[in-house]
Amino acid sequence: MKDLSGWGRYPRLSGPLDAALSADAAARATAQLPGLIARGLGRSYGDAAVGRDSTLDLTGLNRMQSFDPETGILAAEAGVSLADIIATFLPRGYFPCAVPGTRFVTVGGMIASDVHGKNQHVDGTFGDHVAWLMLALPDERVTRCSRDENPELFAATVGGMGLTGTILSAGIRLKRVETGWIRQITHPARNLTEAVALLRQSGTATYTVAWIDVLARGDALGRSLVLEGEHATAEQVRWGDLRFPPARNGRLGIPTDMPGWMLNATTARLFNEVYYRLGARKADRAILVPWDAYFFPLDGVAHWNRIYGRRGFVQHQCVIPEPKAEAVISEILDRISGRGAGSFLAVLKRLAAGSGLMSFPMEGLTLALDMPVSADLMPLLREIDALVVEAGGRIYLAKDATQSPETFLAGYPQLDRFRQLRDEIGVSSRIASKLSDRLGI
Amino acid sequence: MNDIVEQSPAKTVLVVGGTSDIGRAVAAAYAGMGWTIRLAARDADAAERNAADIRTRSGEDHVTVHHLDILETETFAPFLDQLGDLPDTVVCVVGLLGDQERAQEDPDHAAQVIRTNFEGPALLLEALAQRFAERGHGLIVGVSSVAGDRGRASNYVYGAGKAGLTAYLSGLRNRLSDTDVRVVTVKPGFVRTSMTAGMDLIGPLTAAPEAVASRIASLQTGSADVVYVLRAWRLIMFIIRAIPEAVFKKLKL
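Residue numbers (full-length UniProt numbering), protein chains in the order written: chain E, 1 to 441; chain X, 1 to 253.
Looking at chain E on its own, in the form it has when it is part of the complex:
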């Protein structure tokens, strides 16, 4: 039995873990092991990467297969990590078209969660840049899926949380970049209305995101730092700096669980205050930030999830469709700040519609919150979920550990088609995770 808890370490889960070291072995395991789900680096927050009965570790599928410099398409096995891809291809002038907030994720995991980055409103999700994928099914078939071959299975697999079969490999598109630097401009927003206006204005910037102070109240409710970023050109890099800086080896780390009392309303408020003020000092002028600090700030702190103590934490990410997005998010923030529920950084972002059958993004605003697990948390999350459902929004499955089947069903209207498809390809009783069990997928 292995500890298979997600990154949030809530709920605590363990189970047997089998490893596949080749695509053939992974396909065989998919045919043989019951109640199976594939697992990469275990960075989904809740119970998505834990099988109902068996879990298949695919980090051994870590070979790159080919790269075409003309199209930018990298063929890679499902267990190749984003960190590996960037370390290998950034020095050659290529960068993935979409990256999530950590680089310690795998190709298979990024497809299964159809992850998005700060450029989703412009460039789409990770799945939008997948040219093809190879999928192993429980009947020992391995099928190639793309927008032309088995298009429906492709659309169901992108964002399908691994529930359509085991992703063995994929062709993913990388884009050309001149440097490994991001030119970032910080715009302070004194409240939510200003923040949302800035996010809407910056429609032309490649990367936009707002760090939001969820504990600010009253007139300052939703005060934020709106960050815009663009890949810096070679001329913009300062003389003496490496054009493609390597990843910093994080010397910081959280050696052990921090005591639960360290994160409370007061310390969180203090942290947010300091963060906002430091950011506001850099207001409105462009600074150059290395790629890793810009895209993956928390990767520099090993085991940062221990900050939330032994009981773990929940990351709650919802999307609220327009036109009510701002009003509903204002209401959510009001409930959270009213409770003084400790949350370090929260993130607000604009999204465009996603393309997978079960993809998270929809046209609207997404709010992501980290909250330590406590007795008060679950009632608060139920309140927030009710607001999300009422507004026609949904919860991101890669982060989810707590939503009810009803909330899920309301948010994902394509669920019936997804279930039907799972029946048609014969995976319904074979491929299952703790998440699919909990939500009745």
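One or more of the hints may lead you astray.
Distance condition first, Cα-Cα at most 25 Å in a straight line; then the derived SDA-like pairs of lysine to any residue [said to hold, decoys possible]: (1) E:Lys175 x X:Glu60; (2) E:Lys2 x X:Ala208; (3) E:Lys324 x E:Asp219; (4) X:Lys249 x X:Leu172; (5) E:Lys2 x X:Phe190; (6) E:Lys2 x X:Ile202; (7) E:Lys282 x E:Ala352; (8) E:Lys2 x X:Asp200; (9) E:Lys2 x E:Thr71; (10) E:Lys2 x X:Leu205; (11) E:Lys324 x E:Ala293.
Computed list of chain X residues with no C-beta within reach of chain E, every gap over 12 Å [unchecked claim]: (12) Lys11; (13) Ile54; (14) Arg131; (15) Ala133; (16) Ser154; (17) Ala167; (18) Gly198; (19) Ser214; (20) Arg241; (21) Ala242.
Hints in this document: simulated from the structure, not taken from any laboratory. C-beta: ideal position from N, C-alpha, C; glycine also.
With the hints as your guide, set chain X onto chain E.
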């Protein structure tokens, strides 16, 4: 006249055991130094998977794959002949841990373990040594094991095979000491690989395959003869070898 400005052709390394984790890492390390790689393995398809990985990462076509079964000793000479150019360096990482208890009961399994760890590598490296000596230079790196430093109840069939290889390499080194053919014995200690997956390894005494590989690649310069990848192992094995047999035979290590 243009000899000085013309780039010398890339050097070539033959990696025997190209599907193992250490073999893959060794190939990648030499590729990083701009060498041409010849990957030899029993399962050529699996070796091709590693070759494609290395080519994709570097963007260069400098890896070839060759079928070689370390137990088919009669194929060694034709194998080396069909390689074309004799490699500058050979790194042999072939090994089979096997199952000690099974080896005690099943002589075929024991023979397979001993032949894979000793007979095959020794005879292949002997054949290469002859060719290197005729040419006048070359580097032979044999990956042996600390398990060969003293036989223990828990893995003496494997250990004996590695002890044989260690002795063979020592003799080869002695014989070739006045030539430009260098022979190095590498003892990695614990390594985090698929061979040791699920075993309870002691963190500070366990190396990553990449660390073993970069140590091996670093042997291109210097004059080391016997290398423990993690230095602590040299001391540990010195102590283990120094324990009198009357005491050692009672220990459970």
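How the hints compare with the structure:
no., hint, in the structure
1, E:Lys175 x X:Glu60, "holds, 20 Å"
2, E:Lys2 x X:Ala208, "holds, 22 Å"
3, E:Lys324 x E:Asp219, "holds, 20 Å"
4, X:Lys249 x X:Leu172, "violated, 31 Å"
5, E:Lys2 x X:Phe190, "holds, 22 Å"
6, E:Lys2 x X:Ile202, "holds, 18 Å"
7, E:Lys282 x E:Ala352, "violated, 29 Å"
8, E:Lys2 x X:Asp200, "holds, 14 Å"
9, E:Lys2 x E:Thr71, "violated, 41 Å"
10, E:Lys2 x X:Leu205, "holds, 23 Å"
11, E:Lys324 x E:Ala293, "violated, 33 Å"
12, Lys11, "holds, 23 Å"
13, Ile54, "violated, 9 Å"
14, Arg131, "holds, 32 Å"
15, Ala133, "holds, 37 Å"
16, Ser154, "holds, 24 Å"
17, Ala167, "holds, 33 Å"
18, Gly198, "violated, 9 Å"
19, Ser214, "holds, 16 Å"
20, Arg241, "holds, 35 Å"
21, Ala242, "holds, 37 Å"
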